[in-house]
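Colleague: Spelled out from the first residue to the last, the chains are:
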Amino acid sequence: MKSLSRLTVVQMKLFLREPMAAFFTLLWAPALLLLFGFIYGNEPTPFFGGLGFVDSQLPAYMGIIIVTVGMMSVPISTAEDRERGVLKRFHSTPLSPAIYLFANIFTYFIMSFIGVTLLFLLGKFVYHVQYGGNIFSVLAGFTISTLSFFSFGYLIASLSPTGRVAQVVGMVTGFLMMFLSGAAIPIEVIGDKVGGISKYLPLTYVVRFLKGLWAGNSWGSHWLDLTVILGLLVVGSVLSTVTFKWE
Amino acid sequence: MKKAVVLVKNLKKSYGEIKAVDDISFEVYEQEIFGLVGPNGAGKTTAIECIEGLRKPNSGDLTVLDLNPASNGRTLRNMIGIQLQESQLPARLKVWEAVSLFSSFYKKNIESGPLLRDLGLEEKKNAYFDKLSGGQKQRLFIALSLLNDPELIFLDELTTGLDPQARRTTWDLISSVRNKGKTIFLTTHFMEEAEKLCDRVAIMDKGKIIALDTPRNLIKDIATETRLRFSVTESPELDLLDNIKSISKYEKSGSNITIYGHDKRMVKDVVNFLVNQNIDFTDLQTEQSTLEDVFLALTGKQIRN
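Each protein sequence line maps, in turn, to chains B and P. Just so we're aligned, residue 1 is where the first sequence starts under the numbering used here, counting upward by one. Just so we're aligned, residue 248 is where the second sequence starts under the numbering used here, counting upward by one.
Heads up, a few of these hints could be off.
Unchecked claim - Cross-link-like lysine-lysine pairs, in silico, DSBU-like; alpha carbons within 35 angstroms at most:
{"#": "1", "chain 1": "P", "residue 1": "303", "chain 2": "P", "residue 2": "515"}
{"#": "2", "chain 1": "P", "residue 1": "429", "chain 2": "P", "residue 2": "492"}
{"#": "3", "chain 1": "B", "residue 1": "245", "chain 2": "P", "residue 2": "515"}
{"#": "4", "chain 1": "P", "residue 1": "384", "chain 2": "B", "residue 2": "245"}
{"#": "5", "chain 1": "B", "residue 1": "245", "chain 2": "P", "residue 2": "266"}
As the list claims (entries may be wrong) - Have a look at the derived ranges for each label pair, beta carbon to beta carbon:
{"#": "6", "chain 1": "B", "residue 1": "9", "chain 2": "P", "residue 2": "453", "range": "44 to 50 angstroms"}
{"#": "7", "chain 1": "B", "residue 1": "245", "chain 2": "P", "residue 2": "357", "range": "27 to 33 angstroms"}
{"#": "8", "chain 1": "B", "residue 1": "5", "chain 2": "P", "residue 2": "265", "range": "38 to 44 angstroms"}
To be verified - To spell it out: a stretch of chain B is covered by chain P in this simulated footprint if at least three of its residues, at any positions, have a beta carbon under 8 angstroms from a beta carbon of chain P; those stretches are:
{"#": "9", "stretch": "6-15"}
{"#": "10", "stretch": "74-87"}
{"#": "11", "stretch": "127-133"}
Source of the hints: derived by calculation from the structure; they are not laboratory data. Built from N, CA and C at the ideal position, the CB exists for glycine as well.
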């Protein structure tokens, strides 16, 4: 337990000591909300089904955090640590792989959670956002979506020969999803404009799921989204466990 | 009877077609400094990492501290210290954080304060890893390998990349660790390091061990030739040297003369000759063979490419 707690504390410190990673995880989504909120305001409009821009889009912004951490932070830092021999140094101690992974996942989850909290606080106090759902339902949905994307991030890390490859793959898929799945730009705006590519992006399902839970929908009414997210979680976890390498 | 803490029997490890380690056997005894030496690519790192339990050998019997490293890797790593050839810590991890973190991985810990002081890292406690010099990083890795007070310590290419001064400091450090009763298993491609530091060395080339003994015995076995060098002020008549039986040949280059012989009496004979002939000479030195010469004699090639 001592190794788990110390490793977790160290990983959190290391995360916060990388200004870029910390900025993108913690402040990027709140900054976008502030920017677009300033441009569009939060007046109710029929375009968003009688909601304002912030009311409708705030839960989708959770998807920005999920994809930033899952497709960028996780694979890039894991692949870099492997390339530099950091993972091998850990491997040459009695530390168990499970504790190493748990500490990492926990760290990334907490950082994502802090980002989401900032987003919520901003929505509540700056935009007096309308909220129809159950906070625990939303957070549970956020948690499984996060874990699902993390497992994919570890898979990218395992399959990338170098940190640089992981960075390119993570950035390209990450930004593609961020902008075409309805996370950064409302799905109502994207529509079918880019050849319906949205429905092939896993983040689209996460965004729809979280928006639905935010509005107060039941989990059952999102069975398709949930199937995609859980399927990704299972496939990602199995594949990244099988392909995981210390060096 | 010295106790063997590492037993290696017919160890083999291939990567595809390449036989990195090709059937090697040896033992490492308690409280010795044992060196696996050879050029880069000889298979030293593959061998040591199989013994540490970080790699699975294709075949062979390994026993380290009475455990099988392939199946009891984590139990074993609780009892040994490892320094890897190439590894890093996260760039922004501080020295004290690294020490505290790695301590928590082991069941047994020694006090880290005195350890950092002994290694000259006390003032660097709050420094980030990437701000340390090469020598400081290496000393930190030595510290990490000693945190669990291991009886057996593996050091892979410990002094590669260090300047001669830092290398000597590191040798002193390793000797002092052994003097505390530890066993040290190291690899190096510096023959001088092996000669100065190791009690016994195994010379490895192309995956095989080609010689194993104390550095002194290895040198004695090949060093049948003695070389004597000196300078003369005026050009003397040297033909009479031909009459000295212990000399096999001599060379003259300007004012420098080198004499080769196969007999221990050669040095005495030559000095007597110089005194009797009233020849002034300076800078007289005999050249001893080194492990470099041993490697050359055994493989027909220089260890450094």
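Colleague: Any hints from earlier that this structure breaks? Give me their numbers in increasing order, please.
Modeller: 1, 2, 3 and 11
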